[in-house]
Every structure is written in structure tokens, then in C-alpha cells.
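With the sequences and hints as input, model every part of the structure.
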Amino acid sequence: MTDTTYDNSTELDPRIAARLKRDVKGLVAAVIQQYDTHEVLMVGYMNDEALRRTLTTGRVTFWSRSRQEYWRKGDTSGHVQYVKGVSLDCDGDALLVEVDQVGAACHTGKRSCFLEGGPLPVVEGHRPAEQQNGLS
511 MTDTTYDNST ELDPRIAARL KRDVKGLVAA VIQQYDTHEV LMVGYMNDEA
561 LRRTLTTGRV TFWSRSRQEY WRKGDTSGHV QYVKGVSLDC DGDALLVEVD
611 QVGAACHTGK RSCFLEGGPL PVVEGHRPAE QQNGLS
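So the number in my numbering is just where the residue sits in the sequence shown, counting from 1, plus 510.
Simulated from the structure, these hints should not be mistaken for laboratory data.
Certain hints may be false.
[What the hints assert, rightly or not] No farther apart than 30 Å at their CA atoms in a straight line, the calculated lysine-lysine pairs in the DSBU-like style are these:
#1 Lys-594 x Lys-620
#2 Lys-535 x Lys-594
#3 Lys-535 x Lys-620
#4 Lys-531 x Lys-594
Here it is as C-alpha cells:
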């Protein structure tokens, strides 16, 4: 079987679009992760066009739910996200976008959006002894 490259640059490849499970507003969550350290930087949302732009330009584009417009990360701040890879999760309702982040990912100026909010109190789980060392 030959995998032909989809070359229509004005719409998302239908083979990719068919695999997406969008929310009621047509959006898919996009987890943004630093490609080499695996640090989670932020979560944004993409519609088909934002994903198409992300896949074809080498820069991350989101759909802003508050402003109701596309925004390419870094155009205003200079804190650019260069795309290194994009994966779709098993359910088709979330993307993992691996990037090379320049500067801060968060609008607060922090590298990650998960630093400002801080950790929440949690009861820590512990793996049973029989599951230690990779068993089970």
C-alpha cells in the first residue's frame, strides 16, 4: 500500500480530519510539550484550520476561545513554538504537540502555564509491592 501525500494546503487532510473527535465547538485540546525535556508547557485548543496551519507551517497556531480568532504563538511576544512533532491520542480528542519553545510559554511570563497555579493538595497513591520493579 502506497501512502500518498495530501497536498491541498487550504484544508486539513481529510484522513486526519476523519480521526478527530471535536467538542461541540469544533475544538480539540492540544497539550504543548517541550520536545527534548518532555516538560508540559501549556494547553491550547485547535480547530481544523489551526491544526492544518500547525502541521504545514512549522509554528503552532491555536484557536482563541476568548477572542474567537486564530493566534500563532509568539507573533506578539516573540515566544515562538517551533513544531517538532504532533500526535493524536487513542480517542482522537486530544493532540500532543512537541515544540522547541523560545522563551515563556505562559502569558504570565513563566516558562510553563503550570507553574503559576501551583500544585493542588492530593492523596498520593503508592504502587503495591507486587507491582514494584515493573511487574504487572
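Do the hints match the structure? See the list:
{"no.": "1", "hint": "Lys-594 x Lys-620", "result": "holds, 21 Å"}
{"no.": "2", "hint": "Lys-535 x Lys-594", "result": "holds, 27 Å"}
{"no.": "3", "hint": "Lys-535 x Lys-620", "result": "holds, 29 Å"}
{"no.": "4", "hint": "Lys-531 x Lys-594", "result": "holds, 23 Å"}
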